[in-house]
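Novice: Chains as they are written, first to last, in the numbering used here: chain A, 9 to 258; chain B, 8 to 277; chain C, 2 to 314.
Hints are computed from structural coordinates only; laboratory data are not their basis. C-beta atoms are modelled at their ideal positions from N, C-alpha and C, and glycine is treated no differently. A few of these clues could be false.
Stated by the list, open to error - Using C-beta positions, here's what the derived DEER-type ranges look like:
| no. | chain 1 | residue 1 | chain 2 | residue 2 | range |
| --- | --- | --- | --- | --- | --- |
| 1 | C | 303 | A | 102 | 27 to 35 angstroms |
| 2 | B | 178 | A | 79 | 36 to 44 angstroms |
| 3 | C | 90 | B | 138 | 39 to 47 angstroms |
| 4 | C | 232 | A | 204 | 38 to 46 angstroms |
| 5 | B | 133 | C | 286 | 37 to 45 angstroms |
| 6 | A | 123 | C | 141 | 25 to 33 angstroms |
| 7 | C | 20 | B | 165 | 48 to 56 angstroms |
To be verified - One side of the interface only, derived from the structure: several residues of chain A facing chain C at Cβ under 10 angstroms:
| no. | residue |
| --- | --- |
| 8 | 59 |
| 9 | 100 |
| 10 | 101 |
| 11 | 110 |
| 12 | 129 |
What the hints assert, rightly or not - Derived pair list, reagent style DSS-like, types lysine-lysine, alpha-carbon separation capped at 30 angstroms:
| no. | chain 1 | residue 1 | chain 2 | residue 2 |
| --- | --- | --- | --- | --- |
| 13 | A | 213 | A | 193 |
| 14 | A | 202 | A | 148 |
| 15 | A | 202 | A | 213 |
| 16 | A | 148 | A | 193 |
| 17 | A | 148 | C | 176 |
| 18 | C | 167 | A | 148 |
If you want the building blocks of each chain, they are given just below.
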Amino acid sequence: MALLQTETLTKAFGALTAVNGVTLEVQAGTLHSIIGPNGAGKTTLFNLLTGQFPPTSGRIVFDGRDITGTPAHRIAHLGLARSFQRTNVFPALSLLDNAWIAAFARGRSWRGLVWRRSDGYAEVAERARAALADVGLADKADQPAREISHGEQRQLELAIALAAAPRVLLLDEPAAGLSPDEMQKMVALVRGLKGRYTIVLIEHKMDIIMGVSDRVSVMHFGSLIAEGTPAEIQRNPEVRRAYLGGMVAE
Amino acid sequence: MLYALMGLGLSLITGVLNIPNFAHGALFAVGAYFLFSAIHVVGNFWLALVLAPVGVALLGLAIEYAGIRPLYAAGHDYQLLFTFGLSLILGEGIIVVWGPIGFSQLPPSILRGGLDLGFIFYPKYRLFVMVMAGLLVLSTWLFLEKTRYGAIMRAGIENKEMVSLLGIDIHRLFTAAFALGAYLAGIAGALTAPIRGLSPSMGVDMLGIAFVVVALGGLGNLLGAIAAGLIIGVAQAVVALYWTEASVAVIFAVMAAILLVRPQGLFGIR
Amino acid sequence: MSRAWLAVLAAVVVLPLTVRHAIATEIWIFAIFGLGLNLLLGYTGLLSFGQSTFFGSAAYVAGYLLKQYAINVFVALAIGVVVGAVSAALVGYLCVQRSGLYFIMLTFALNQMFYFIAYQWTTVTGGEDGMPGIGRPALLGVDFRNPLAYYVFVAALFLLSLWIMKRIVESPLGKILQAIRENDVRAEAVGYDVPSFKLLAFIIGGGFSGLAGVLYAMLFGIVPLEAIGFVFSGNVVFATLIGGSGSLYGPIIGSFVFIWLSESVSVVWERWPLLLGVAFVIVVLFFRGGCVEAWARFWSWRERRRALEGIAQ
Ligand SMILES: Nc1ncnc2c1ncn2[C@@H]1O[C@H](COP(=O)(O)OP(=O)(O)OP(=O)(O)O)[C@@H](O)[C@H]1O
Ligand SMILES: [Mg+2]
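Extracted from the complex, chain A is given alone in its bound form (with noise of 0.2 angstroms):
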């Protein structure tokens, strides 16, 4: 069974519908990409999974419980976490913090919350280090993230994801604004994620996806064109007239 899924999901902002009927089917363990041009409408779909706003219509379900409405902490809760697209992170404080923050969120209980000593939390502590070190930020976890490169902020964004020791991973263009050398090094990385957590990741290369997605579904103007495997989808026509600056689509 699909560990998160929707159905006919819509969102309309005015008369602009930014995702319109998706139906979508993400199976546990896998990693499944979305693709489309520019405005697409793959923010916007994240935004719906993870409860930033509530959809027009259609349903979102999470490991066979309807999650349509939740809002976005609670959601948070049940084990979506996710990456933004652009950098959104906690500026002034240390990049441990930032990871702490998260994982102490998805801690078993907040026992302590406004007595006990924040650095009494191994086990929180534990999970923030260790999600700094899957992205290789280990050595810095004492500076501030203002202070860090962009592309470690980028490499953070994915820490604080992590830290939160997710059940599906949510990923908006992990590589978005990095230099050549700094993409090949978060490529990997994401590759090395593969496995270990149900992974969405929205990217615009096709180079990128090819090379690791599971599956991968195409939007373009709010809706799914198509979904198959990378190979499938590389030779479906109808994706390719929508890359290629899209004559018809209706």
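Put chains B and C with the ligands on the given structure of chain A with help from the hints.
Specialist: This is chains B and C with the ligands only, laid out in the frame that chain A set:
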């Protein structure tokens, strides 16, 4: 109507400049005192009514230029502290110049006495103020809607980068908006003087109400401010008929109640 | 024990030897007030311009009970904390959904509402004349009418408050509030119900304000109308900012500076709030960043001069 005038000015300032203007009430009070002194100097109510708010606008100009301009990048906390300090200075300055005891100001002779409207006996001056304030709100609104400069100001509320990109000097726009807001506060104060008299605390009392009007109308929502001003004014007048002491507190209670029911304010938040 | 704590302890001991007991006491009361605000302003990034709502409400309620029923001092303090927290919960509930200017204006407008209630409800509050006749009942045989005894009591409560606040900001809550200040969207996305946490910060801050309010009423034997007025709210913002809102100890420094400043200008001129206003404006225009930063700048300036002198030789 006076509330609408205050709210409109404040909404303009908060909307365009994006600062918390805690000196708005003080500008209102200064308007009233300027009127009072101007009458003594020029000996004519009408001329004084023209001069006083212009004086306040000039004061606003100076304040924006010297004080607020360096603070645009400083964050709301320091902007707040500055305008708050300013309101202390202006409020205490009034006491230093005019003394701690309030004055009463008679309306001009042709507006004394009342008018029998058949069902109610209404003081002429109040009617005059209502009409005046109405005209002012209308003309400000027309200015903002119909003129080029007004359009730029509205654009300044909507999207500041856009305005800068169009090659308009954003600082000039800010100064102008602040001066216009100050002018509206000043004339509201001047018009109020013959109704409620003058007292050093009049500014602070008005400040709270102006904020309520803006909060209900929506930040930078000019029509919202006008409508909220009217609603608050009417609500207060009605309550005052039955329970005079509570009429001010009621304004705030009305605001709290409305915000409970409609968290986005009466006309939505921008 | 850290150096900061030693400095605070030293100040507690030295202060009553150098200034009048009443002023010394007021400084610590104001510092408690500032600690409460700083949880909102410094840690959560919420600029509340209505802190005197909680301070004043607590002062009125506990003051009234002290006056009418001469209740036990600790009961009065407890009531003050509760009233401060409850009023903060009410105000916070309306405000936490907003941000930016909207938030500031709302806290202020609600402050004005409480002010006008106090202003008009003269039978209880005394309106403009204030609510006089508040005693300081003896506790365990200690007569708090003795200024020094009361000073010691307040200073002890301040130290207790500081310790509690230190625990709070070093707890997970402290970190979460800072995360919310830094990026509330991300905080929500990783699993924190941001409005609830803001409300919690409000309630805790309100409790501290309430404690300060009761101590203030007992210090002067009266609750003046100003205690619930917006100038009071502005003063505590000023004190916290000038002390440095980025640090736990900032409000303490700010309280010193503010009380010292207002005491000195108030002897100079009857219209001292004007001078205070001028001071605000000057600080904002020229000394943004507060004492802590001014101090740091002074040090780096000295270091640089040393270095230059070193090169010269
Ligand atoms: N909060 C919003 N309000 C109004 N319109 C929005 C909002 N969020 C997104 N949109 C619009 O919805 C459309 C889809 O945007 P979205 O960000 O989901 O695209 P995307 O596929 O992620 O594109 P990109 O590859 O550029 O990131 C765009 O036209 C965008 O302007
Ligand atoms: Mg996107």
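Novice: Each hint should be assessed against the structure and marked as holding or not.
Specialist: Consistency of the hints with the structure:
1. 303(C) - 102(A): 27 to 35 angstroms: At roughly 29 angstroms between Cβ atoms, residue 102(A) and residue 303(C) fall inside 27 to 35 angstroms, so the hint holds.
2. 178(B) - 79(A): 36 to 44 angstroms: Holds, since residue 178(B) and residue 79(A) (Cβ atoms, about 42 angstroms apart) stay within the stated range.
3. 90(C) - 138(B): 39 to 47 angstroms: holds, 45 angstroms
4. 232(C) - 204(A): 38 to 46 angstroms: violated, 59 angstroms
5. 133(B) - 286(C): 37 to 45 angstroms: holds, 42 angstroms
6. 123(A) - 141(C): 25 to 33 angstroms: holds, 28 angstroms
7. 20(C) - 165(B): 48 to 56 angstroms: At 53 angstroms between Cβs, range holds.
8. 59: At 9 angstroms from the nearest chain C Cβ, residue 59(A) passes the 10 angstroms test, so the hint holds.
9. 100: Interface hint status for residue 100(A): holds (5 angstroms vs cutoff 10 angstroms).
10. 101: holds, 6 angstroms
11. 110: holds, 4 angstroms
12. 129: holds, 7 angstroms
13. 213(A) - 193(A): holds, 15 angstroms
14. 202(A) - 148(A): holds, 25 angstroms
15. 202(A) - 213(A): Status holds; Cα separation ~18 angstroms.
16. 148(A) - 193(A): This hinted pair holds, its Cα atoms lying about 17 angstroms apart.
17. 148(A) - 176(C): holds, 19 angstroms
18. 167(C) - 148(A): OK: residue 167(C) and residue 148(A) at ~27 angstroms, within 30 angstroms.
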